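Each residue of the sequence shown is one higher than the one before, counting from 1 in our numbering.
To be clear, the hints were calculated from the coordinates, so they are not data collected in a lab. Quick caveat, the model's predicted, so the values are computed rather than measured. Cβ coordinates follow ideal geometry from the N, Cα and C atoms, glycine included. Among these hints, one or two may not hold up.
[Stated by the list, open to error] Computed spacing ranges between beta-carbons, pair by pair:
no. : residue 1 : residue 2 : range
1   : Asp27     : Thr93     : 28 to 38 Å
2   : Ala122    : Ser95     : 34 to 44 Å
3   : Gly132    : Gln14     : 30 to 40 Å
4   : Arg38     : Gln80     : 17 to 27 Å
5   : Ala11     : His62     : 15 to 25 Å
6   : Leu133    : Pro48     : 16 to 26 Å
7   : Leu125    : Glu172    : 30 to 40 Å
8   : Asp209    : His4      : 19 to 29 Å
9   : Gly202    : His62     : 19 to 29 Å
10  : His4      : Val206    : 10 to 20 Å
11  : Leu51     : Glu169    : 36 to 46 Å
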Amino acid sequence: AASHWLGRCAALLQPMQQLDIHGVAKDALERLTAAPRRYGWHATLKAPFALAPGVDWLTLHHAVQTLAGSLRPFALPPMQVERIDDFLALVPTRSHPANAEIQAAAAACVKQLQPLAVPLSAADLARRRAAGLTPRQDELLQQWGYPFVLEEFRFHMSLTGSLAGADDETVELVQDAADQFFADLPPLRFNSLALFAEPTPGADFVLLDHLELGA
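Using the sequences and the hints, build the whole thing.
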């Protein structure tokens, strides 16, 4: 169902019909959801990275499979739509005990998979720093390849890209529609790691595998 919100399924590799939001033009909704649509429906645990020399698909797959086997499934907190900076996302309820388990799983992904990644180039570092990072975020960027990890990480599933160019009425209509669309979510479980790939730079991400967590 969430792929219908984005307008593309990264598993089926095909477009999905987006819902109609009264008062929001179809092309406007397509623009607002373009960024998360490219990535597919997901919650990032380890930011995209290029494979280091000598690391191939089998090595990566084995590492993620081993990592998944070391983690235990758990129930996610209730999810709600929230604005984070300038985009909308589905996020877990704050102050829920399971948030600590989410943080631990995300930290494990970051730390255990980083040895497989190419270190960021000077251009990559400059691009990330252009957004304005705190000293701690810059430290995390240099060590782990991404500034929003460990204590800076916040689990979320993106529903839009930047809303900076949208008028207040459109933002309100889209957020109201998201609230309704995701209002009746069944209880969710964190029970697998998904492995995505970007076939060529700038291409849509595709889902390669789901690796079940340990029993």
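Hints versus structure:
| no. | hint | in the structure |
| --- | --- | --- |
| 1 | Asp27 <-> Thr93: 28 to 38 Å | holds (34 Å) |
| 2 | Ala122 <-> Ser95: 34 to 44 Å | holds (40 Å) |
| 3 | Gly132 <-> Gln14: 30 to 40 Å | holds (37 Å) |
| 4 | Arg38 <-> Gln80: 17 to 27 Å | holds (24 Å) |
| 5 | Ala11 <-> His62: 15 to 25 Å | holds (22 Å) |
| 6 | Leu133 <-> Pro48: 16 to 26 Å | holds (18 Å) |
| 7 | Leu125 <-> Glu172: 30 to 40 Å | holds (37 Å) |
| 8 | Asp209 <-> His4: 19 to 29 Å | holds (23 Å) |
| 9 | Gly202 <-> His62: 19 to 29 Å | holds (28 Å) |
| 10 | His4 <-> Val206: 10 to 20 Å | holds (18 Å) |
| 11 | Leu51 <-> Glu169: 36 to 46 Å | holds (45 Å) |
Checked against the numbered hints above, the structure breaks none of them.
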